[in-house]
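K.L.:
Spelled out, the chains give:
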Amino acid sequence: MKVSITSGKSEGPTRLNAFDNALIDAGIGDVNLIKVSSIIPANAQIVRLPPLETGSTVNCVLSHRISNSRGDLISAAIAVALSDNMGCVAENGGINKDPKIIREDAIFMVEYMMRKRGEKIKNLIVEEINHKVKECGAVVAALVYL
Amino acid sequence: MKVSITSGKSEGPTRLNAFDNALIDAGIGDVNLIKVSSIIPANAQIVRLPPLETGSTVNCVLSHRISNSRGDLISAAIAVALSDNMGCVAENGGINKDPKIIREDAIFMVEYMMRKRGEKIKNLIVEEINHKVKECGAVVAALVYL
Amino acid sequence: MKVSITSGKSEGPTRLNAFDNALIDAGIGDVNLIKVSSIIPANAQIVRLPPLETGSTVNCVLSHRISNSRGDLISAAIAVALSDNMGCVAENGGINKDPKIIREDAIFMVEYMMRKRGEKIKNLIVEEINHKVKECGAVVAALVYL
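Residue numbers (my numbering), protein chains in the order written: chain A, 1 to 146; chain B, 1 to 146; chain C, 1 to 146.
Simulated from the structure, these hints should not be mistaken for lab results. We treat Cβ as the ideally placed atom computed from N, Cα and C, and that holds for glycine. Everything hinted at is true.
With a Cα cut of at most 16 Å, we get these calculated EDC-like pairs of lysine to aspartate or glutamate: (1) B:Lys-116 - A:Asp-25; (2) B:Lys-120 - B:Asp-84; (3) B:Lys-116 - A:Glu-11; (4) A:Lys-116 - C:Asp-25; (5) A:Lys-116 - C:Glu-11; (6) C:Lys-116 - B:Asp-25; (7) C:Lys-116 - B:Glu-11.
Each pair of labels, with its calculated beta carbon distance range: (8) A:Gly-71 - B:Asn-43: 37 to 47 Å; (9) A:Leu-146 - B:Leu-49: 23 to 33 Å; (10) A:Asp-98 - C:Arg-15: 13 to 23 Å.
Stretch by stretch, here's where chain B covers chain A in the computed footprint (C-beta under 8 Å, at least three residues): (11) 18 to 29; (12) 47 to 57.
Kindly produce the complete structure, drawing on both the sequences and the hints.
P.N.:
Below you can see the structure in the form of structure tokens.
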């Protein structure tokens, strides 16, 4: 199995459109996303997000925030940890929170998930995105199952 | 690929049952719905909703509202726009909002989604349903992937 | 088709981790859960939850509650009713509610779902779990499609 990690941010005229634009910015705007919980099978390879077939169905772990309050700092992050046997994903995000804390908390949570399962982390990746809202903005961070 | 557009409304003794009854009214009450985001592949045909196999798994874009406040006007709408290359779906809904506005906003959003992707709309369909709550009511509007 | 009914509870250092730990306690922590609505096909067998392949994708009906208020009583329940032709699942849950009421309401809702469909119940199962929160706790009750 292959997985990709991506993120995106955008403004838009409505909350729905800001979110949709952020998905486009992340390269996952033209597919049907299905949200799944957050376990990666053994021997998954992390690859660069390929072009996805329009309208295809794609499983993902998704963190997102949307705001239409000018000046809000919106953040989304996912932390991905892989061992030899499996992987875990932790989602985090916030509005007007310190991005450093959001990142650290995502790492804390995924490290705990792996420790709880007795798994030794070989590879830890954090994808984080922040955006200062102008009119209406959205951020997304996602792990995509290919 | 074939897709169907449907809607339903109902009262029920609890919020869960009102929602379930509205799904039955829409013809999608006896399947396992999986919510997906809102892109339709190229060359999709819109067909009348066929009988669905009981307990089968069905992907859908779903807009719904539930209320147990007597007198509430609850509304759900989806707008579906198709080009030669793909389609987009926008969900909208509200409680005690002007149904005309809900419909217009759904159209605005899906038109924007298509414009953003450089797609020329060949076919635009809006499914809208409204219900005045007696005791506990629900409305659903859905695009179903067959 | 085979289905399993399970539940779990746990504490954890964060809401995400408490929820993840409760999924592990329920035996469904190492898979990718996809939430579906709540219809079981004809002739489904209820079996003991087998070990699931790590990272596999599993459809489920899931009820859960999470709280980080010490002393909260959190409850999750699902009621499963089977006829000769199909089955229905009702989810219920609550915080600081009488577990007896949560169980009774779940049964009421699933009985109504079956009556509404003209189905005669042959088998009714309720899975219920309660937990008194120490720091941060979660409960889950689930029907898993195998």
